[in-house]
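Visitor: The sequence shown runs 1 to 236 under the numbering used here.
Certain hints may be false.
To be verified - Distance windows between CB atoms, simulated:
1) A42 - R172: 48 to 56 Å
2) R164 - G44: 28 to 36 Å
3) M18 - G89: 26 to 34 Å
For the record, the hints were derived by calculation from the structure and aren't laboratory data. Even for Gly, the Cβ is constructed at its ideal location relative to N, Cα and C.
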Amino acid sequence: MQNGFIKLQRTDTTIELMRHPNEFILLSMIAVRVKRTNAFSAHGLKPGEAVIGADDCRNATNLTRQKYRTALKNLEKWQFLTVNSTKRGTIVKLVNSDVYDVNIEDPNQQANHQLTNSQPCPNHQLTTNKNERMKKLKNEREQATPAPENFSISDAMKQYAADRGFTGDIERMTEKFILNHQSKGSRFVDWGSQWKIWVLREIEIQAKDGGADKYEFLDEPPPNPNGNRTLEDILS
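Please take these sequences and the hints and turn them into a complete structure.
Guide: Okay, here's the thing in structure tokens:
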């Protein structure tokens, strides 16, 4: 069992993902399992990677096989991780730290621990991955802006929605998207990306409702399909 910590980031991306409990729970389980050091791995894993199996993941998350597959596919589609199926199993790699900081060990930091007190340390100017991430998050918070008053949909955005199967009124959906975030005072760095996430969510709603043209504000997270089990219970 690996030592170390994982840290849940207080970001807009985290809040958005928590509205999708299946994907959030699966990402949490993967974050706990990923390799964080360069220590030997029989599977040849690199830091940030983990081997997962459908059965053990479903047991850990209490998801059905279909919900597990859908959640994993969505996490890959939303660019939280990459998935590579091999003879050794399914290898996932976290590529987005907006939700979880998995405390991957900095090789430079490990090398510094091996220096004796009598040796001068040549790495005073090196920063750790943690400091880099904190600087990035600070910059993102400073660059985040409220929902724009004149948010326009380009032809490329319309094509994006159509290519992924959106069949509703794109103008009406966009108006509700902006009004929803204006009412909550949301701030994002990239409103175009948030719009795409909203489109994907609306496509899921349409599929559940048999293709009906239905829109939801989702001021509250959807019901948790795992009952009253907490994330701590699931990951323990």
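Visitor: Going through the numbered hints above, which ones does this structure break? Give me the numbers in ascending order.
Guide: Violated: none.
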